[in-house]
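S.K.: Make a model of the complete structure from these sequences and hints.
Heads up: the protein sequence lines correspond to chains B and D, in order.
Letter by letter, the first sequence follows residues 31 to 837 of the working numbering.
Letter by letter, the second sequence follows residues 11 to 328 of the working numbering.
Each hint should be verified, as a subset may be incorrect.
[Unchecked claim] Coverage of chain D stretches by chain B, computed from C-beta distances (three or more under 8 Å per stretch; other residues unrestricted):
| # | segment |
| --- | --- |
| 1 | 16-25 |
| 2 | 63-74 |
| 3 | 122-131 |
| 4 | 251-257 |
Treat the hints as calculated values from the structure; they're not laboratory data.
For clarity, every value in this text was computed on a predicted model and none was experimentally measured.
Each residue gets a CB set at the ideal place from its N, CA and C atoms; glycine is no exception.
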Amino acid sequence: MVKWNDITPRVQKMRARYRSTQPRLCTARYRLVTEFYMDNMQLTGILKRAKNFKNLCEKLPVLINDDEIIVGEQVTSYRASAIFPEITFRWIVDELTNGDPMARESDPYIVAEEDKEYILSTADFWLHNNMSQIWDEYLPEGYHAHSGNGMLMFHDENNTTTPVGHFCVDFNKAINKGFGAIKREAEEKMAEMEKNGLYGDSSKKYSFYRAVAIVSDGMIIWTKRYAAEAKRLAGLENDMDRRAELLGMSESLNRIMENPCETFQDAVQCIYLYYLALCLDGQQHGLSLGRVDQYLGKFYEADIAAGRLTPEKAQEIIDLFYLKLAEPNKMCQYDPTTIANPGYTSGNLVTMGGVDRDGKDATNPVTYLMLQASGRLILHSPPQALRIHKNTPDELWELAIETTKRAGGVPTFEYDGVIIPALVKRGMALEDARNYCLIGCVEPSGCGDEWAQPGGTGCESYINLVGAVLLAMNNGTNPMPGRDGKVKPNTGLKLGYLYDYKTFEEFQDAVRQQMEYFIRWHVSCENMWESVAEQIHPLPLVSATIEGCMEKGRDVMSGGAKYNSTGNSAIGIGNVAECLNVIKYAVFDKKLCTARELYDAVMADWEGYEELRQIIVNEVPHFGNALDECDQFSRWTAKVYADAINSSHGPRGRWSAGCYPVTLNTVMGWFTWASPDGRKKGSPLSDGISPVQGYDKSGPLACLNSVLGYDQTDFGNGTLLNMKLHPTSLKGEDGNRKLRAVMETYFERGGMELQLNIVSSDTLRKAQEHPEEYKDLVVRVAGFSAYFVEVFKDCQDDLIRRTEMAI
Amino acid sequence: MSETVRGRIYDIQGFSVQDGPGIRTTVFLKGCPLRCPWCHSPESQLFTPQLSWISMRCIGTKMCDSRCVTSCPKQAIELGGTRLDSASGEELQMVHVKRDVCDDCGECAAACHPHALYICGEEYTVDEVMKKILADRSFFEHSGGGATVSGGEALCQPEFTLELLKRLKAEGIHTALDTTGYASWEVVERVIPYTDLFLYDLKHMDSKKHRETVGVPNEPILENALRLAECGAKFQIRIPVIPMFNDSVENIEATADFCLKLGEAVEVVQLLPYHNLGVSKHLRISDEKVAEAMPPSDEKMQSFKEIFTRKGIKATIH
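M.R.: Next up, the structure:
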């Protein structure tokens, strides 16, 4: 039985503050970066980025909030958002001029009048000097004829929406070596080069080391400013306990970052400040923390053994660390295509558990503290990934399942037995693969030794595969009108209309051609982005620790890391599989309709063809029901996509296929025309590797059997399976055992990742209000199951009550 | 044998987590000699296939051009009530099945593309059922689960049930039989070697009350239970706690005493509180109103559980 640790009053108070603070925009960073960029037009590339960072470290106001033990802010008020004009900018001018950030439907922001004025007064400068604007100039010429194809997220302009993000630096190096040592190492290299002369490519290396020395300096300066602030506050403090605490924090902050950490608290503080510094530098986007329990385990053991720390105090520190991780958020372009992660989150994924480099269970007491923090504080941020393997302790399984019941899908469960071989397949040494972490959303990556760009570069790296079906059936024209309300003709390959194809195989091959054609364009555009970003947006603060860079004297953006890859994620594999399945079954095999009828129905968004749509939805056997004749198409789609991605190369190394949508399956659905699988225009696309919503009618086991139909080790960039379950069927310890058995079976048969979506009472309430959208929501009580929407209101209320009780 | 024996089945459910230990796949056979008023699967009672209707699936006669109405050779389908479609904001015209005229021929179901009208109860061979169960096998192995044969009353299709259980055992799959216990001993006896666990219902200890409410006396049920216990069978006893029927302390005490007689054979007693979620399912196959009651309180269920635990019998509330 899981015992939840107590939550201290301090943690409760800070959680309440977190929940009740309305995020606002803070221009402190913006102002400093603007002034720096305007005053330093002579600087370019890596030196510009390094000096810009150091300038922030020297001048950004330091802020320690009441009661904090773990400190650090990139803004001047609690839970505010910084702004990063050097990455993408035009959107904010548009929104401040024509809209109101506080009127947003989701994630509104307070923007003070003086801040708005300042931003608009400096707009002219940034409109010409941001990454997005610069890259638009470099978009391959031939692509313009293809923009609007419905498959790719590249358009004629405004192509950069995010920084690279989605990576994990080597936190161990910052903790155990410190930036003092890193700086010395860089300076020694520079001295050696000066002695030998800057011959060959050493001039490039020299600038790299110089930049590393500058950012190392910045890290130390910034941390010492926090030490001074803690000391200042201690002087003003009347509470003797808090005063002592502040003095202790000041002592620690003065020492760490320059020197190796000595205590558990040192190490937690060091992780947070390094993480936050990377945000401050501009990389706040799925910036991941890696194997936090592994970094902290030895400090915990040593402090406990020395009597410096109690488990209760360690829990409080982890709780406060999590509350700090929950705090950073980023005001982004308010555009449906970019609101993939609502809820003021920055996707700072944390990894726990798994095996160590020798393949042994790596669970330690900190693993439990971290799960306890999630399960008790019920924060949706930071997201957590738990690595599972054959020897994961029972106690950890139990705590993880109880946590997921409370915290809704946290942690995700990742299987070492599939992920490690997938990483080895992609070229990683076994020991390094065993040390993997999850980054961004669910992407497996080396922990501190890989530059994986799994979420893409400056543009989310997703491909909408359903677009390939639409282009293949409509002679290369995406039927969805663009923002101007017009359909742009011939953006894809002209291979014919659905009714032109003589055989099913001919049509299937046309889908393959469209997929491969646009994967090539996608890779080309992303690779081009990288070649531009390498020049204007190098990342010395990242490169200072990621293994390989200091050894090679090369920035991560130029291939310095030990391991390199570029990731991609497919959206809508389930829909493509289903479209092919429907076309084969209904048109070619059973002749339930003609190709012309199906074509007309899809082009009419099913308007006037409801009968045909009903036949397709209800009378065609579907992918997701453990029927091989249907499941073969998901296998085919996955293979065509993965082969095309995995055989592509970027400037640094190979590409890596993935299949995880975050919430982009919904967002991309808004911009996708109706499809032959019965989907209407604007409806969500299928989620991760799952079948089309509502088409897996044979229950969860059949669905798992179906998605196990293809080799997930082809998806080195991660897969996502959302399993929706009703909590009353999972009550108590017995329910937990069954849940664990489902997961273990899925993993051992080749499943990579699984997250549980235990249907909440909120979902049931929504289903009550919008029954059509939840037609297939099954609820279970002892020996009985029913469609929720079908039972009477009173019974529905009762089920909602039971659901609330069961969790 | 297995090619020819066919069973009439109304559902096969994977991830069935409450019909015996572990993760199970449950096969629901159609037809039952009992008529429990609280039955939450009313479609399981008749042996014959039945026309069923799910209102939520109906897209309205305007959309489908009343295909069910026009396809019915008996004119058994007429226009019925309406339903507000929250997506379109339209009032959908639905239909009503005249049950006294309908002979469950299924013509309308074949015409109804959204499957709002469908025939409940299909014939399967043992092979077909085995194929579905075997697909889920890896999930049983991890969880200590298996297959459950349920109903209706599975022993009313003895040849099919026996053959299915045999085949499951031959595959090394754990088997459970969910039964009312109302069958002849000759039938019960044959399945013993192939049944690892009996999920056995005890509804009332007073035969008169039993007969009055569910239509059959309880003697064969109790007798079979005792004989099964003698033969070394294992039980999960299930007691549906139904207000105004069997929820008196006396009856629960008597049931517990009977369980004591079964001795070691009883692994656990499950007390299943009445719920009214099955009421909506009645309307799929019938116009008749069914009686509804308030579910028993948590306190009451706890007190019943204590009656068992005091007597040294392991009991759970589901």
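S.K.: Which numbered hints turn out to be false for this structure?
M.R.: Hint 4 is the one this structure does not satisfy, whereas the remaining hints hold.
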